[in-house]
Amino acid sequence: MDRAGETLDPSDDLVTKAVEGDHTAFDTLVRAHTPKMYRVALRITGTAAEAEDVVQESWISAWRALPAFRHESAVSTWLYRVVTNTALAQVRRRRPTVSLDAALSVDGEGTGLSLLGHDLLADTRANPEGQVVRAEQVDAVLRAIAGLDLSQRVPLVLREFEGLSYEEIAEVLEVSIPALRSRLHRARVALLAKLREPR
Amino acid sequence: MTTRESPGDPLDDPRWELVRAVARTTVPTPPGLVARVLKSVQGVRGHRLASGLEIPFESGRLRIGERVIVLLARRLGTELARKLGGVHIAAVALEGDDLQVLVTVRYGVAAGEAAGALRSGLHEALTEQLGTPAPSVHVHIVDVHPN
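Chains as they are written, first to last, in our numbering: chain R, 1 to 199; chain B, 1 to 147.
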């Protein structure tokens, strides 16, 4: 990912081959990057079904955009941008009929929340490290994140969950680093405020 | 890499440990997702021998490439599936002269009914969009997922 250091990224070579028509190379990219793209999509959209849609749309978009890829950014950064934009479009598309807050709020049946919580609670069980976290605390964090504005949620996901550097996130979101710092700070403050709210 | 923003940094708040703990949990990729993505990409990529659709007009013919048909079917199918609820388009591909649509359904959804509605709705929507009889649509339920 370090462009300045010109670290060889195998994905770069795969993209070059894919542009030249090597379908196997593109398929290898899909296999390598789909898990992370799904992770980001899930944490932005909050539902597994929508995240799947986003991943599929993202790869189709990526394939169509291949000829325009100029290797000016790392392949992973480019793919983060593709999946982030697709996820944002997905969430905005549903907004007129079901707001994100409504979709994720606790109702009598817990329908919306369960969509979000189900997957990630399953993660907690699957991961020994995650078992120490109480399920309701995980749930509270995820609900709080889902309640953030998209402009705060997306950089927060990329920074705190994906571990991207400020430079990488700024490139993905096409914002300046000072603007990103400010947005992330507000996101963290807003998230903590939500975590302090009584349930 | 942790960057401290200022005194009173949210990252220093004890509650932030919860966020870090959630960040450490893994998110499993749904079984079969990669295969479904590959199928979709292959569908859009098209086959070398595929000719797409040809629509005759008085003054000539309009040819619509396979990629266009698959992309259109995917977009229309996704919208229809969203309206139906509990149905998710996993992949679309043109094989021979027919469209193959792979879907997953949420547990509890009347799968046969939903697949039938998707098949007829998609065929109708495609016919309307293309202005000509659309390819036959075949819907395959490939998975059931909880919620």
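Treat the hints loosely; a few may be bogus.
[What the hints assert, rightly or not] Quick list of in silico lysine-lysine cross-link-like pairs, DSS-like style, CA-CA up to 27 Å:
| no. | chain 1 | residue 1 | chain 2 | residue 2 |
| --- | --- | --- | --- | --- |
| 1 | R | 36 | R | 17 |
| 2 | R | 194 | B | 83 |
| 3 | B | 39 | B | 83 |
| 4 | B | 83 | R | 17 |
For the record, the hints were derived by calculation from the structure and aren't laboratory data.
Checked hints:
Proposed proximity of residue 36/R and residue 17/R is supported: the alpha carbons are some 22 Å apart, at most 27 Å. Restraint check: the Cα-Cα separation between residue 194/R and residue 83/B comes to about 32 Å, which exceeds 27 Å; the hinted pair is violated. Pair hint residue 39/B plus residue 83/B holds up; C-alpha atoms about 24 Å apart against a cutoff of 27 Å. Taking the CA atoms of residue 83/B and residue 17/R, the gap is near 39 Å; set against the 27 Å cutoff, the hint is violated.
Against the hints set out earlier in the document, violations occur for numbers 2, 4.
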